[in-house]
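For this one, chain A is given, so just place chain B on it according to the hints.
What follows is each chain in one-letter form.
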Amino acid sequence: MSVIVLCAALFSIGLYGVLTRREVVAVLACAEVMLGAATVQAMAFAAGRPDAAQGQALGVVLVALAAAEAAVGLAVVVAVARSSGRSRVEDLTEVRG
Amino acid sequence: MSLVAFAVPAALALIGAVATVFARDVMRMALGLGAFLLGVAGLYLWEGMSFLAAAQVFVYVGGVLVLVLFALDVVRRDPSGRPGTGSRHDLTAAVAAVGTFLLLANGLRDVPVGAPVGSGADRVATALLGPFVWQFEAVGLLLLVALAAVVAVMARGARR
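Keeping their order, the protein sequence lines are chains A and B.
According to this note's numbering, the first sequence is numbered sequentially starting from 11.
According to this note's numbering, the second sequence is numbered sequentially starting from -6.
No lab work stands behind these hints, which were simulated from the structure alone.
Computed from a predicted model, the values in this text were never measured in an experiment.
On the chain B side, residues computed to face chain A include the following (Cβ under 10 Å):
| no. | residue |
| --- | --- |
| 1 | Ala10 |
| 2 | Phe29 |
| 3 | Val57 |
| 4 | Val67 |
| 5 | Leu95 |
| 6 | Ala114 |
| 7 | Val144 |
Partial chain A-side listing against chain B, Cβ under 8 Å, derived:
| no. | residue |
| --- | --- |
| 8 | Glu33 |
| 9 | Val86 |
| 10 | Arg92 |
Label-pair ranges, simulated between beta-carbon atoms:
| no. | chain 1 | residue 1 | chain 2 | residue 2 | range |
| --- | --- | --- | --- | --- | --- |
| 11 | B | Val67 | A | Pro60 | 39 to 49 Å |
| 12 | A | Thr103 | B | Asp83 | 20 to 30 Å |
| 13 | A | Asp61 | B | Ala47 | 16 to 26 Å |
| 14 | B | Leu(-4) | A | Asp101 | 45 to 55 Å |
| 15 | A | Arg59 | B | Trp127 | 16 to 26 Å |
| 16 | B | Ala87 | A | Val99 | 12 to 22 Å |
| 17 | A | Val99 | B | Phe63 | 17 to 27 Å |
| 18 | A | Glu104 | B | Gly113 | 43 to 53 Å |
| 19 | A | Asp61 | B | Val88 | 36 to 46 Å |
| 20 | A | Val99 | B | Glu130 | 28 to 38 Å |
| 21 | A | Val99 | B | Asp115 | 42 to 52 Å |
| 22 | B | Val126 | A | Arg92 | 32 to 42 Å |
| 23 | B | Asp18 | A | Val82 | 20 to 30 Å |
| 24 | A | Asp61 | B | Ala89 | 34 to 44 Å |
Ideal placement from N, C-alpha and C gives every residue a C-beta, glycine not left out.
Chain A with its partners taken away, still in its complex shape (with noise of 0.2 Å):
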């Protein structure tokens, strides 16, 4: 119950992160905040089963999907400031509708 709870508040915190942080590298961070959340709660719920080690590998690939996510997103982050030195969320607006 209680990692439960906590998963929920620390998702909870990631997603007021990213909602109102305005540097694109911080709310790259607190979207690590809500994926390590939500990684920690499946785990828990696959821990006590008889086959947690399926579980555990489940969390190895969503550590390698996490990686490769915030690998491409601090890529384009370090590209666009590169190229024309912004780097907050509300300058980045070449692919709004």
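Relative to chain A, chain B alone:
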């Protein structure tokens, strides 16, 4: 002992998450993210998932955090304004966050969370190379594509 093994990483993760979201200085934000990631690794240990805890430390604390610090070094030269919070939508975001917390905490309340049984690296390897082999291969392909994408994005940024 079990309570301490849960409470210490849980407190570290909470403090780190709060620092990541609310720190005005970006270096403190990065430190908070590091504390959060270490706390998450500790929670994996508490759940009996030692292999995942080690992977978390290697990939996140050793890889992603260094990437974040590198990105901050490039981005901090941005003269358009100091980083930090200060959105007009803070109240809406707070309502959304509290609502999400209540929804998650109530919705998942009845899902059983058993005592951790523990699972070593050998059983994880058996799972990854057995029933999850296609997912394992797909993630390997995804990492390769991500690597190529990062190189392409950076090369394009350098040409401009």
